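Enquirer: In terms of this note's numbering, the sequence shown opens at residue 1099 and continues consecutively.
No lab work stands behind these hints, which were simulated from the structure alone.
Wrong hints could be hidden among the right ones.
Straight line, CA to CA, 30 Å or less: simulated DSSO-like cross-link-like pairs of lysine-lysine [unchecked claim]:
(1) Lys1129 to Lys1116
(2) Lys1204 to Lys1129
(3) Lys1204 to Lys1227
(4) Lys1129 to Lys1225
(5) Lys1227 to Lys1116
(6) Lys1129 to Lys1142
(7) Lys1128 to Lys1116
A quick note: this is a predicted structure, and the numbers were derived from the prediction, not measured.
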Amino acid sequence: MQVIEHLSREQQHEILSKVGFFRRFSDDEKKIMLMHGPELLAFKEGEWVIREGDDEDNSLYVVLNGMLSVWHGEDMVADIGRGHCFGEVAFLRPMPRTGSVRCESKSVIFRLKRDHMNRLPVTAREKIKDNLIAILLNRVTQSVQAGRPAEVPDGEDLWQ
1099 MQVIEHLSRE QQHEILSKVG FFRRFSDDEK KIMLMHGPEL LAFKEGEWVI
1149 REGDDEDNSL YVVLNGMLSV WHGEDMVADI GRGHCFGEVA FLRPMPRTGS
1199 VRCESKSVIF RLKRDHMNRL PVTAREKIKD NLIAILLNRV TQSVQAGRPA
1249 EVPDGEDLWQ
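Take the sequences, apply the hints, and build the full model.
Expert: Okay, here's the thing in structure tokens:
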């Protein structure tokens, strides 16, 4: 993994503007977001971005380019690409990673650390939360349709 540092803020802004996850963000929100610590990371094919059980990283990741695979134990459970995000469970609720993600090609990934979230304007935080709610609802719906029961949250405050 390598941090991409050679791009200007304008180039980074242009990249974010092309990804669906950031579609609802205003130009100002994207500019402010880029000033508050997110990173653009480059990965090689075969590199692991996150590992199941890791409890030190609580970042949210958004794929800007490349193909990745999601693993649970020894089983590959999904392929993800541009515009998809991962790491949302540990981002929302500090806990060990629930799965692993490996790059199947060279990939560029946007990483937002949990502590950077509080530095963002309320409107940007709400849009991130709205996106994550939509993603999680989609996953619960898919799980229920596949015959797996949905877990009921225990009522804990996610933003401790």
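Enquirer: Is Lys1128 close enough to Lys1116, meaning Cα to Cα at most 30 Å?
Expert: Holds, at about 12 Å.
Enquirer: Lys1204 and Lys1129 were given as a pair; does the straight-line alpha-carbon distance stay at or below 30 Å?
Expert: This hinted pair holds, its Cα atoms lying about 26 Å apart.
Enquirer: Tell me if the straight-line CA distance from Lys1204 to Lys1227 falls inside 30 Å.
Expert: 28 Å, holds
Enquirer: Would you mind confirming whether the straight-line C-alpha gap from Lys1129 to Lys1225 stays at or under 30 Å?
Expert: 15 Å, holds
Enquirer: What's the verdict on Lys1227 and Lys1116, does the C-alpha distance respect the 30 Å limit or exceed it?
Expert: The hint holds at about 20 Å.
Enquirer: Take the C-alpha atoms of Lys1129 and Lys1116, compute the straight-line distance between them, and say whether it is at most 30 Å.
Expert: Holds, at roughly 14 Å.
Enquirer: So if I understand the rule, the pair passes when the alpha-carbon distance is 30 Å or less; does Lys1129 with Lys1142 pass?
Expert: With Cα atoms ~27 Å apart, Lys1129 and Lys1142 stay inside 30 Å; holds.
Every hint, counting from the list given before, is met by this structure.
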